[in-house]
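S.K.: So you can see what is in the structure, the chains are spelled out below.
Protein chains: 2
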Amino acid sequence: MYIGIDLGGTNIAAGLVSDKGEIILKDSVPTNSERPTGEIVKDMAELALKLIKEAGYTPSDIDGVGIGCPGTIDFEKGEVVYSNNIRMEHYPLAVEFRKHLDLPVRVDNDANCAAMGEYIVNGDNAGSFLFITLGTGVGGGLVLNGKVYRGFNGAAAEPGHITLVSGGEPCTCGKCGCWESYASVTALIRDTKRAMDKAPESLMHSIAAEEGKVSGKTAFAAAKRGDKAAKAVVDQYIRYIADGIVSCENFIQPEITAIGGGISREGDYILDPVREYVGKTGFNKFMPKGRIVTAKLFNDAGIVGAAAIANEK
Amino acid sequence: MYIGIDLGGTNIAAGLVSDKGEIILKDSVPTNSERPTGEIVKDMAELALKLIKEAGYTPSDIDGVGIGCPGTIDFEKGEVVYSNNIRMEHYPLAVEFRKHLDLPVRVDNDANCAAMGEYIVNGDNAGSFLFITLGTGVGGGLVLNGKVYRGFNGAAAEPGHITLVSGGEPCTCGKCGCWESYASVTALIRDTKRAMDKAPESLMHSIAAEEGKVSGKTAFAAAKRGDKAAKAVVDQYIRYIADGIVSCENFIQPEITAIGGGISREGDYILDPVREYVGKTGFNKFMPKGRIVTAKLFNDAGIVGAAAIANEK
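Those protein sequence lines, which keep their order, are chains D and C. Using our numbering, read the first sequence as starting at 1 and increasing by one per residue. Using our numbering, read the second sequence as starting at 314 and increasing by one per residue.
Same shape as in the complex, but just chain D (with noise of 0.2 angstroms):
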């Protein structure tokens, strides 16, 4: 039995998890990241314990602790070497943690934790199982054998930051052109705007007067109605996001492709278009080719994820 935690920018989030991946207990508390970074570790402890007592158990019986964080990792270590969300630079977290609950504890990327989640409840055993997550930027996390794949450094699995269109718009990440300036929400709602701007005629003013703002939902809520510019806009997004898995799976040829994150409950009025043009261009013609499907833990993955770290042999 393990403990899993996902130490988000707002919540911490917690889960008694079964060695099956199964939530037995689960509880969030609010993170309030600006204080002291003794004082969240200290909560996520506390948080954890009132989960094992909670649920009829004693520390002894829990045989680890996973921790997802945002930012770079260095997993061997339990450190997080930068997070900009939970303002921690080279933090022993694992130490720090053991401090308060003194269990085995292993820290890796949120993402990497989510995509270890995802792979325990949708992933077939896969030997190859690649999780893309749509939101606010585009992450995401590759499981080999059945374990995180990491690269020599710990940084691996960043597929938001493949190139899309080498010199085109900009990215967080200070590159040009990455996958996630084009197929992210927040790429998503500067394109609909964008195409508002040009189409005064169009549903999506509507829309997103009702909504009281254009979001990621704007344009596909007008192209479903029928409106051309939103359809536009809808299909010039999914040719993004279609064109960034072929780049993956001509590199990587997932087994399993899993789609996460809010976009993804369009579900296959995304996801059909996707699998067509990957289908249809992806290199091999010869070949099975690999599935493509959505995600199905969402806010669960990276409980269940961080807990199957924990279990990680």
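FYI, nobody ran anything at the bench for these hints, they're computed from the structure.
Simulated pairs of lysine-lysine, DSBU-like, Cα-Cα distance not exceeding 30 angstroms:
1) C:544 with C:511
2) C:609 with C:460
3) C:598 with D:77
4) C:460 with D:289
5) C:460 with D:313
6) C:593 with D:77
7) C:355 with C:412
8) D:231 with D:217
9) D:289 with C:390
10) D:296 with D:280
11) C:460 with D:77
12) C:598 with D:42
13) C:626 with C:333
14) D:313 with C:598
15) C:598 with D:147
16) C:626 with C:355
17) C:593 with C:544
18) C:390 with D:285
19) C:390 with D:147
20) C:602 with D:147
21) C:390 with D:280
22) C:390 with C:339
23) C:460 with D:147
24) D:20 with D:53
25) C:593 with C:541
26) C:626 with D:289
27) C:363 with C:390
28) C:544 with C:506
29) C:511 with C:526
30) D:313 with C:602
31) D:77 with D:20
32) C:506 with C:537
Simulated restraints, written as ranges between beta carbons of each label pair:
33) C:598 with D:235: 33 to 41 angstroms
34) D:38 with C:503: 54 to 62 angstroms
35) C:481 with D:36: 47 to 55 angstroms
36) C:511 with D:312: 53 to 61 angstroms
37) C:403 with D:89: 52 to 60 angstroms
38) D:35 with C:511: 57 to 65 angstroms
39) C:506 with D:34: 51 to 59 angstroms
Note that beta-carbon positions come from the ideal geometry of N, C-alpha and C, so glycine has one too.
Following the hints, complete the assembly by docking chain C onto the known chain D.
M.R.: Below, chain C alone, put in the same frame as chain D:
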């Protein structure tokens, strides 16, 4: 001791290779790829036998044969699923070869073999090693933990067909905007010609006239002599190379990336600006950077790698 065979469109190159990857003896014969495949396979086996005998051995001294072949290979079956260059479709190459020389035979994609060959001499036992070849196309191979990474369907590691400019230049693969359509020598020649059309005063014209054609060297030669239009072509070409390498690094973080193919003979003239761009724009600013090196083996990589794949555990 192994036999490595590099089956190319022009020549069949073969070598007797030690367990450590040293070529003991090598030779080649023309492929004459238009003739019946059975004759080509017979010549491959006869070439192998000739090498074995000339080195004073018998087939029983040989632990196995590795064959690198262009196209789509079913590694498990030893079958060429499809090869355009050698005109094979669902051809049981391993079985057919053994009719002439009955030794354990493995067949793999030629770029995978070249990657493995480079890894043997240039890989420093790196846990992750990416080989990129910039030639008529852009090919490559990925070696993880000392083994070729083939993906779930055997078709992985086609870095030339990751997208570099979504919706950009048409690629021979049918998709638009592949890295190959920008970083191959074919693309460089196209861009050199386009620049020459716009710059009648450029040195590129006289250099091409001397050479009798526009080649991958034209722009480099003119740029080194201070020609501005040529310098712009070279700078953009190097940027395309670098942008693709950043994509590979941000996804896989290989410990070593080795660049081969004719153009890599430009050495640090290309690689220094590539390293600078990758170092500056790679996603991870806080962890060790992978090394980018030039390939060492050139034409022998296929032979050494095919032998190593025969020796793969």
